[in-house]
Amino acid sequence: MAENLLTIMTFLPLVGMLLLLLIPKTNEGLLKGFTLAFTLVTFVVSLPLAFNDVFTTSGDMHYRQFVEWINVGDFFQMNYNVGVDGISLWLVMLTTFIMPIAVLSTWNAIDKNTKGFMAMLLLLETGMLGAFVSLDLFLFYIFWELMLIPMYFLIGIWGGKNRIYAAVKFFIYTAVGSLLMLVAIIFLYYYAAQSGVVLNGFDIAEFYKLDLPYNAQFWLFLAFGFSFAIKVPMFPLHTWLPDAHTEAPTAGSVILAAVLLKMGTYGYVRFAMPLFPEALPTFIPWLSLLAVIGIIYGSLVAMMQEDVKKLVAYSSVAHLGFVMLGVFALNLQGLAGGMIQMINHGISTGALFLIVGFIYERRHTRLITEFGGLAHKMPIFATIFMIVTFSSIGLPGTNGFVGEFLALMGAFQGGLRWYAVFATTGVILAAVYMLWMYQRVMLGKITNPANENLKDLSAREIILMLPLLLFVFWIGLYPNTFFDKMNPAMEKVLAQMGAPHQVVEIQQPMAPAHASAHGEHAPAEGHH
Amino acid sequence: MELIIFYLTAAVAIVSAFFVVKSRNPVNSALNLVTTFICLAVLYVMLEAPFMAAIQIMVYAGAIMVLIIFVIMLLNLGIATKSRYTHALPIGGILSVLMLLVAGYFVRHGEATATGGEITSEVINSIGHTELIGRAMFVDFLLPFEIASILLLVAIIGAVVLSKRKV
Amino acid sequence: MVTVNHYLILSAILFAIGTFGVLTRKNAIVVFMCIEVMLNSVNLTFVALSRHVGNMDGQIFVFFVMTVAAAEAAVGLALMIAFFRNRESVDVDDFRMLKW
Amino acid sequence: MYSNLWLIPFFPLVGAIINGLMGKKIRNEKIIGGFGTLLMFLSFLVAVQNFVHLLSDSEKVHQLVIAKWITVGQLNINWEFLLDPLSAVMIMVVTGVGTLIHLYSIGYMHGEVGFYRFFSYMNLFAFSMLMLVLGGNALVMFIGWEGVGLCSYLLIGYYFEKKSAGDAAKKAFVVNRIGDFGFLCGLLTLFWSLGSKGVWTLNFVEIANSVHLLEAGGVIVTIVTLCFFLGATGKSAQIPLFTWLPDAMEGPTPVSALIHAATMVTAGVYMIGRMNGLFAMAPATMMTIAIIGALTAFFAATIGLAQNDIKRVLAYSTVSQLGYMFLAMGVGAFSAGVFHLMTHAFFKACLFLGSGSVIHGMHHAYHHAHLHDDPQDMRNMGGLRKKMPITFITFLVSTIAIAGVPLFSGFFSKDEILWWAFGSTRGHWLLWVLGAAAAGMTAFYMFRLVFMTFFGEQKTHPKAKDHIPESPATITIPLIVLGFLALVGGYIGVPKLLGGMNRFEHFLAPVFEHNQELHHIAAHGAHSTEWTLMIVSVVIAFIGIFGAWFMYMKNPELPARFTARFAFAYRVIFNKWYIDELYDFVFVNPCKKIGTFLWRAIDVWIVDGVVNGIAWLVKGIGNGLRYTQSGYLYNYAVVMVIGVIVIVGFYVFD
Amino acid sequence: MENLVQEAIQNVNLQAIMPSLVLCVCAMVLLLIGVFSKRGSTSHVAWLSIAALIITGAVSLCAWNNPQAGFAGAVLLDNFATFFSMICLIAAGLTILMSDNYLKREEFPVSEYYPLILFTTAGAMWMASGTDLMTIFLGLEVLSVSLYILAGYFRDQVKSNEAGLKYFFLGAFSTGFLLYGVALLYGVTGTTKIDGIAAYMLAHPAQLHNLMFIAGGLLLLVGFLFKVAAAPFHMWTPDVYQGAPTPITAFMSAGPKAAAFAAFIRITILGLDGMHLELANLFWVLAVLTMIVGNFIALCQKDLKRLLAYSSIAHAGYALVGLVAWNEVGLSAILFYMMVYTFMNMGAFAVLVLVGKKGEENLTLDGIAGLGYKKPVLGIALCIFLFSLMGLPPTAGFTGKFFIFAGAIKAGYIWLAVLGILNSAVSLFYYLRIMVQMYFRDPQEDFSWVSINVPVAISIVISVVGVLYLGIIPGSLMQLAKLAGL
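Chains as they are written, first to last, in the numbering used here: chain V, 1 to 528; chain D, 529 to 695; chain A, 696 to 795; chain R, 796 to 1449; chain G, 1450 to 1935.
Just so you know, the hints here were simulated from the structure itself, not pulled from any lab data.
Worth double-checking, as some hints may not be accurate.
Claimed, not checked - Calculated pairs, DSS-like style, for lysine-lysine (alpha carbon to alpha carbon, straight line, at most 27 Å):
hint	chain 1	residue 1	chain 2	residue 2
1	G	K1823	V	K32
2	V	K455	R	K1260
3	G	K1806	A	K794
4	R	K1260	V	K377
5	V	K445	R	K1349
6	A	K794	G	K1608
7	V	K377	R	K1349
8	G	K1751	G	K1931
9	R	K1260	R	K1349
10	R	K958	V	K32
11	V	K455	R	K825
12	V	K455	R	K957
13	G	K1751	D	K692
14	R	K855	V	K445
15	D	K692	G	K1608
16	R	K819	V	K455
17	A	K794	D	K610
Computed from a predicted model, the values in this text were never measured in an experiment.
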């Protein structure tokens, strides 16, 4: 396998950014085109991952690359150590996939300092990809922090009215969490070193092998979990999200929702939970509780928002509640639901933010009361918006359903039955706030004269929505494409979390009462 | 006898030192300071360190004090008209008393344990204080001595750069 | 018989007085003089201890302290003059452009 | 040989997609409508082919796996279809009635702006409904289940510029979602509980084969079935979730006919029938179902008495009839329930389409006269039988059918249900009383409807009264067909008592047989009882009819006096027992309040308050410390000395 | 008499003082050059002194891995000393680079400035290499006296005078305590040589409880705590840093502080190892106190120099954390951190030097509003330095902090690490405020006066490169720091 594919993929955007700096400020078209090209190339480079069937058979890390990086003898050492497995695979793909869309979405939206904006986007992409592929805690931390800087500027420079507050809030919130994680990482390292384990830098694979005493696991999980919980964000650490989302420029919101939030959930799956399995039983009830609270709370608050973007932001809180619930179920269905729901949320909420961006570009307001009856003027927009809305509600046949269903199913089987029941009410509330919003924005008569002559979506806008819609239905109708590659890795990580062994082979039905009932089982591969 | 001299000198030193702080006119402070220096010189003599006593007089009472008085005159600082004390007077008093207590405490309860060096009164009397100083200075502490010269050079530069009217 | 502790106590007292002066006097030059008092008390300690210990290191140290005192005197007074030229005062109360 | 099953939902899907994407370009109503109808008809043909095949086939249960869908660990869900008598009947009804209504729509929706949109939605609905009934496992069914919800949302909100339409649509979807919540919970609990017994499946056949693993009448089963039933109440507008259906009349009339009378609303009944094995094991649930059903039948009927909007009357009668079906299910008369489902599909569809044709006419007239009166208010009608004879005839037939007059389809099904309600092991005479009373009221308000609309002198605005035409063929043909079915549809299920052999029940037997022994008629062969009951119910029906005639034909001033007399009772039932207001008060407003509270108080005030508070505190401390830096030399010295004393003192004095 | 001379001569080991020797000689030569070249022209002196520093650097690198002792144990030029010497040399170099135009701008182009910096550096080197308290003390005095002068160098600016005076008085005051401490130690151990003291305490463990020893040790440390500006002996720092000429501020915050740390470490780790536990606790408290004071007060500063002064206090606190750890990781961490800090802080100041007008009244938060747009390159540079000061990857500040806290955690001081981390979280606020001003606010002025001139540009570039290099591939320097540990 291409040894350094991941490295190329990860640092391509960075290279792009450096080259970008050479382009004159004034040549906006070139700047945008260049960035778009680089993101697209990155996407193409990442494609081999998606089409590699090795993931269907083994849950190990692939495309490994290992380079000794910092070696200070018995003090500590870190390595450049990257790889992907079925879990990070799709998040990587999501990132490379969403970036061109994000770039395309900003075509006319950015009025000042395009160069800086594009540079930040590229830097951000490197940060995100790096965080997903790094297998060395230290390396992960570096990328993790690296994402902070560009996002801070994206919000702070190109954001809305209240951007400074939002940017600083975002920065401080996330930084505080990650700093605590840093302490935990170092502690873990020396603890392991003292317990005589032969470490390979901060390689998580080695840390997995540790058998820390409960006490250490408790505190470490607390530190890791805290910082990830901020990123997810879980109630009550979520308040940075609405501000950040509302103030950020469209592209920023899209990336924030689609990828950055996944860092938190991914962090739980990859680090916090497998590293400290013994602490899980203590925390899972509480974290699941927070997840469920997040679902209901987020939905109820979203219901009352006057600002479309804020509404979507709060809906994110709810959606990620489902993700966390699924993950905490500690079984295959739950985890699969969580994982797929991460991607769903990336696609659906990303799309929603794009949609909000569209109307914001047209009207420069996001207040629901300012709109109404847009469906008359923008039928295409209305249709797309409708589809995305229902995927976000989780209508069967769209991606949202698969995720929520599996997450809940997992929770039902796990010890989280009652949490799941309450979580399921989120399904109702989601319908309430989304449809209400849709109705108030799109339906009814046009009351506000400013909406009288709105243009329908331009070709560019349609084009950048189409891929998202494609995946809305793909995941909804044939999610196995993704599960096939995820399953082995998930089994592996679950085993690491100390979850009961998962029955993988497909359950044959009981001896049928109707002998020939299965006579027709001949799979007629029809139109699918 | 020796004790009496010590106490007398000590008393004078303390009193004059106190007047350095107390007196209204800087010049008086300066003169009191000179007195203190001289008392210390006396004590050095008692400690069989005549050479130290000598340079104490020369360097301090001589050079430094002259410099100070010169500056006082230059800036013709008269008697302080308004209060000569800062707002820190009370707390300063308390603190210095506390410090005295602390110092006294560790002087009383600690002890200077290192003793029995080769330099005894006999040695001093036989070889002579000055030579001993010289030996130590140029055999063991040559480097510090050289550094001291650099220090003085720096001081000169500084004095020039900072106070020469026209550069 | 005068013990080393006599000298140490004496120098402690002088040190305290010096400190008192530094903390309480306004006139910069007086403050400087008080610092000199402190240094002298230290010198006394050194000499006394040097005799008590029985080697010359302490007295050598006194030398360098004197040198340093001289150097500082030169520089310090120069600074004061420079300041005086700008502000017509050497009250420490007037060193107050920079605060907070 | 049933491998073309997938074509049945496929055709409408194609129609939906093509009309949806191309329709705007095509713009030609004939083509669009014709295309949509054609596809429905095609899938009807396939349905017929399969149905006929099934009739002759000895093996009655057939599954068809199309593809894998979700495969995660023990969970292995396929895209699979299930054809058995039950779903066979359903697909016949759906495709058949569906085709007719599509045809009808071509005429009815003529000249609407979003004509293509309408047909696309209708096709999509047909697709979802067929997925629902054909779904081989609970999840595929759930796709249809939510799909029909979606379509009803879209179709109710068809006139989206009307706020009321938008609200109704939203209400429909949300209330349905509440049901779906139950469905989902039931589904998950079932999956887990069966799984814990070793069978990880959602496939209906496998479920049916392994329900016996669960403890009959146990908590699990009860919970599961109750959850499913909650789902059913949502979809089929039963107490407590029936309020959306009347509002759903905001949609175009064909929609009301297809979705809110014939097909979608019966999904709940179908689902219970589909899982009858499970339900049979939960007596408590069965009882609940029966009671809810009976109560719904009764209350809806009472509300129906007082409505003036022609469609609303029908809506409530639908709710009431659905109540019957659930009553049937609850007392174990599964086949009877399905039987009524079918007959009801016929006559109620016919009724709706008839009312539609009336409204169409009225609307046309008002339009012609540039008036803006409500074309649906019966008080503006009357004497229309001369104006639109075909509509009148078919409408009358269906009314007689629903009223339960012997020899009409409604009579057989309804009577069988009542008989089971009384006689079944799970039955109770109270249930029968409620049912019978409802039947009486049904007869009353249905004939009230007929009399007010078609008889008496015409109360239409004089300017408009002469411009009410008979509807075009596309509208009348379906009416005739359905009217005919309403007349004869009952004869496939004539009970033994009347010398029939109830072919219908036998046909469905394979689905229900192994639970039937759990519920059988207690008084076997007690023909006398059966006779009496039958007669009594018929008498009640006639009383109802007579009452209607007496009040609305004989002396029309009577109703006014009546309402004046029982003003309160009238107001209560006229306002649907204030159920909507109650829900608003109990659920909707509190939710909004809580939402606002959480946002304003928790989020902004507490959480952010804490965060900003910390920032503020830190800054405050900083500001405080800052003033130690007073600029006074001696202060600095003081601090240093304090430091020295503390440090040295601490170690010296300890 | 003859034999004395012999003795004296064999004590001499010029290699042990070669760097400082070279430096002093150069300094004197430059002094003469300055005297004989016409007034107002200082550039050539500046470049020559850079040359001098480079030569010195080369010379002192010769001592790497070949320790040189000499002068009867007065000095030991080991890796430790060399490492710190390099820090000071780099600091001095950057300072000189950013000074030349600065002096012209402030209309006081007097060439003695450069020799003084060189002398300061020499003093710093003696502090780093001295093994006898006497050497260290004199080195300290050379350093301090030159700094008094440099701080008050602009004799016509009251701010500068005041800075000089405050520094002078408090410095002399603290010297008093330091000397008192030395005297007491001398009294207890009979020597002023660090190893002598250590040996004596090893021989007489009972004396560890001798109050005179304890008090002596503590008073001695007070002197150094003053120099490294640890609370509560930090009070001079903000005023002096604010008042002094900006390059000198930069220099003070890096070079002399490093030197102070060098001597500090040598004395505590070697001389006072017996008091390990007490001192560790003391430093624990002081470190936290220092971090809090520095960061919290910095939050409400408007003047950038003063803000950075407080931040440098905070950073001294972080460095102290390494000392608390009292293990080789922690110590090497301090070395590494000092190097890192030199780059990032000097860089930041270099930018300020460019941005300031005469008198630097405009170096306030509002004064740099929109700088990032008007002078993008400077803006990016300053951002890099600020991120480094925050301790964010991929900058050197992060690796430095990581190293420090690694030491603390390895030694088991987890709560200290947590407190430190929380403090740096607080520090985010004020560093971010600078960036908010630079980028999130619209420009008030056009910064036309900012002309990027070569020397300053060089210093900024060097700093940026240093910060990024040490941030991304710090391994090599960390190795060196490891070797330089005591």
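Going through the hints against the structure:
Taking the CA atoms of K1823 (chain G) and K32 (chain V), the gap is near 22 Å; set against the 27 Å cutoff, the hint holds. The suggested pairing of K455 (chain V) with K1260 (chain R) is violated, with an alpha-carbon distance near 44 Å, which exceeds 27 Å. For a cut-off of 27 Å, the pair hint linking K1806 (chain G) to K794 (chain A) stands: about 21 Å separates their Cα positions. This hinted pair does not check out: K1260 (chain R) and K377 (chain V) have alpha carbons roughly 38 Å apart, beyond 27 Å.
Between K445 (chain V) and K1349 (chain R) the alpha-carbon distance is near 46 Å, which puts this suggested pair outside the 27 Å criterion. For the proposed pair K794 (chain A) and K1608 (chain G), the alpha carbon gap of about 11 Å is at most 27 Å, so the pair holds. With a CA separation close to 54 Å, the supplied pair K377 (chain V) and K1349 (chain R) exceeds the 27 Å bound. Between the alpha carbons of K1751 (chain G) and K1931 (chain G) the distance comes to roughly 39 Å, so the proposed pair goes past 27 Å and is violated.
Taken as a hint, the K1260 (chain R) and K1349 (chain R) pair is honoured in the structure, with Cα atoms around 23 Å apart against an allowance of 27 Å. Between K958 (chain R) and K32 (chain V), the direct Cα distance comes to roughly 43 Å. Violation of the 27 Å bound is thereby established for this hinted pair. Proximity of K455 (chain V) to K825 (chain R) is assessed by CA-CA distance (about 30 Å); at most 27 Å being required, the pair is judged violated. With a C-alpha separation of about 22 Å, the suggested pairing of K455 (chain V) with K957 (chain R) holds against the 27 Å cut-off.
Restraint check for K1751 (chain G) and K692 (chain D): not satisfied, since their Cα atoms lie roughly 35 Å apart, outside the 27 Å limit. Note on K855 (chain R) and K445 (chain V): the hinted pairing is violated, with a Cα-Cα distance of about 52 Å set against a maximum of 27 Å. A distance of roughly 19 Å separates the Cα atoms of K692 (chain D) and K1608 (chain G); the hinted pair therefore holds under the 27 Å criterion. A C-alpha spacing of about 18 Å is found between K819 (chain R) and K455 (chain V), which places the hinted pair at or below 27 Å, so the restraint holds.
Distance restraint check for K794 (chain A) and K610 (chain D): the Cα-Cα separation of roughly 23 Å lies within the 27 Å cut-off, and the hinted pair is therefore satisfied.
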